[in-house]
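Construct the complete structure from the given sequences, taking the supplied hints into account.
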Amino acid sequence: MNIPIKTLQCFLTLVETENFTRAAEKCFITQPTLSKIIQRLEESLGETLLIRNNQKVELTQAGQLFEHSAREILGQWHRLQEDMSNLSGLKTGRLRLGVCPMMSSLIIGLLTSYRKRYPGVELQMYEYGGFGCEQALLNNSLDIAFTALPTTHETELVNQPLTKYPLLACLPDGHPLASQSHLSWQDFEPYPFILYNEDFSLAKLINRLSRKAGVQLNIAFRSGQWDFLAAMVEADMGLAILPEPICQKLSTSKLVFRPMQPAMTWDLALIWRQNLPLTPAANALLELSKQKALR
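If you use our numbering, the sequence shown corresponds to residues 275 to 569, in order.
Everything labelled a hint here was simulated from the structure, so no lab data went into it.
One should not assume that every hint holds.
[What the hints assert, rightly or not] Dumping the calculated DSBU-like pairs for lysine-lysine here, alpha-carbon to alpha-carbon at most 30 Å:
1. K365 with K280
2. K300 with K330
3. K310 with K365
4. K438 with K280
5. K438 with K310
6. K566 with K523
7. K566 with K486
8. K330 with K280
9. K300 with K365
10. K390 with K566
11. K438 with K330
12. K300 with K438
13. K486 with K365
14. K478 with K528
15. K365 with K330
16. K438 with K390
17. K300 with K280
18. K478 with K438
19. K390 with K330
20. K523 with K564
21. K523 with K390
22. K300 with K310
23. K478 with K566
24. K390 with K564
25. K310 with K330
26. K478 with K564
27. K365 with K528
28. K310 with K280
The structure is reproduced here in structure tokens:
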């Protein structure tokens, strides 16, 4: 059985888009061509990989097994290409980088330095929440990722701490708690709380620390966008906790920020898979991150 790398790439694109038309566009081929590629793949395997219906494409049990193996194979192929490019001093290559949306503005300086030092490396950035970054690393969709600690899959991932920032309580101006110099977890109990989406590392951290303090937060809303989250606080829809760099971007007379007691920090790091060596392009980013502070 001889399955071309291009076939694996087309199959995984179809899995990710769940639609033949969108997948064909991403693969720069026609839909009939993609259909023939998938049909030949299924015939060569002797298994039906996909359930086709009018709404979307779904994986069969065989398809799920094949998806896992295909990601492993493409990951190995990608690393082989990176190793070969490293023979020429990292003049070419590709870096698949995961970034949590809240961190994107903090890493611009580091990525600019990386681009100047390695102009031939193609930088592919993907935005995920913290848990999404972990999952993408584990299924070989990413080489390395910027996220916040702690990770969920601690035994399967390695991390390199980068920096940490204070976490601040965010309140609307004129709120009864705004007169206090700092806030404790117990102060939040009577009020609605606005939290990040569940796949955000910071959401998991806040939940864990509040439970440790014996406080059950009254979560009224969730959002993956910090600016929308802050807008809800400004509209007096609830309270929130935000990293200091985000608070600095939100400086407004309509919001008040107070430190937490005990103090809490947002710990940022680069993470990658424990059992796989870093690609040369990813290792170069890791080494550069040790020299450049995040801003």
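- Taken at face value, is the distance from the CA of K365 to the CA of K300 at most 30 Å? holds (26 Å)
- Message: For K478 and K564, compute the direct alpha-carbon distance and say whether it is at most 30 Å.
- Response: holds (27 Å)
- Item | Hint consistency between K365 and K280 [alpha-carbon to alpha-carbon, up to 30 Å] | Within the cut-off at roughly 24 Å; holds.
- Query: Given the hint that K310 pairs with K280, does the C-alpha gap stay at or below 30 Å?
  - Reply: holds (13 Å)
- Message: Please verify whether K478 and K528 have alpha carbons no more than 30 Å apart.
- Response: holds (27 Å)
- Query: Taking 30 Å as the top limit, are the C-alpha atoms of K566 and K486 close enough?
  - Reply: violated (35 Å)
- Holds or violated: K523 to K390, with C-alpha atoms at most 30 Å apart: holds (27 Å)
- Has the given pair, K523 with K564, been kept, meaning a C-alpha gap of at most 30 Å? Holds, because 25 Å separates the two Cα atoms, which is no more than 30 Å.
- Query: Within a Cα-Cα threshold of 30 Å, do K390 and K566 meet the stated pairing?
  - Reply: holds (14 Å)
- Item | Pair hint K438 and K390, alpha-carbon separation not exceeding 30 Å | holds (26 Å)
- Message: Please verify whether K300 and K310 have alpha carbons no more than 30 Å apart.
- Response: Holds - the C-alpha atoms of K310 and K300 are around 16 Å apart, at most 30 Å.
- Message: Check whether the Cα positions of K365 and K330 lie no farther apart than 30 Å.
- Response: violated (40 Å)
Consistency note: the structure conflicts with the earlier hints numbered 3, 4, 5, 7, 11, 12, 13, 15, 19 and 27.
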